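In my numbering, the protein residues as written are 1 to 263.
Hints are computed from structural coordinates only; laboratory data are not their basis.
Take these hints with a grain of salt, some might be off.
[Unchecked claim] Derived DSS-like pairs (lysine-lysine); straight-line CA-CA distance at most 30 Å:
1) K124 - K166
2) K13 - K59
3) K13 - K166
4) K59 - K19
Please read all numbers here as calculations on a predicted model, not as lab measurements.
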Amino acid sequence: MEYMSDVREVLRKQRNRAKMTRDQVGAVVGLSGASIASFEQGRMIPQPDTARLLDELFKTGDEIQRLAQEARDDARPTWLRPWTDNEQRATLIRWFEHSLIPGLLQTEAYARAILTVGPHRRDKLDELTTARIARQVAAFDRDDPPTLVAIISEAALRYGDGALMKEQLAHLVEAGEAPNVQVRILPMSAGLHAGLTGAFVVASLPGAGSPRLGYLDDQLRGRTVADAEDIRELDRTWESLSGLALPCGLSRDLILRIIDEHN
């Protein structure tokens, strides 16, 4: 990706010009040297605050900020950008998944594995994986992060290679310990349920009346829905699923048991 390449090249060039190690740069901007390495290798995109600090450090005006924003925009499909822009503003995100771990809770390895089996060009995998992880940071790494309530079908915890899923499920347990994240599992014993027709997300946004938007995904692309009746229908489905899902504590216990089952 051209923009990502520019970010990498500018950071490497400026760091070398300043004769600083990655650890030294990281110390100035409040990150680890490993994070700076991830920026230079194109595995991560600097977030706005970080990009601003890097510009200040290297006296590059707004060059790194601009290139980082272009990299984020370029890595997101055009049809997804309206949703992720709202995702970054949301105060509450309610997310149901029946087959996958929600994108905001995926590890980098899991995200890459999912994208690998999807209908994506292999030369775009690095960009798409980076964009997905950057999306997580953009949603949660802010002064007032949203509350995320995730209801995940038990089946989603069992798809995938053992080592991959052990790491992903451990990450899910850790994420669920954050005060603004609730992870609830819909057990297989729930049987047939309304969520089998598809995954969905409902986000509450700041502002008068707390406007809400929904997001639905399919094999080709996702779509954002704003019609009041559509949102009410998603609300009814959510309430049905919430009544079947385990509470957070029991969900955590189930995830830990399934971690032990993955070999």
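So, going through the hints one by one against the coordinates:
no.	hint	verdict
1	K124 - K166	26 Å, holds
2	K13 - K59	13 Å, holds
3	K13 - K166	38 Å, violated
4	K59 - K19	14 Å, holds
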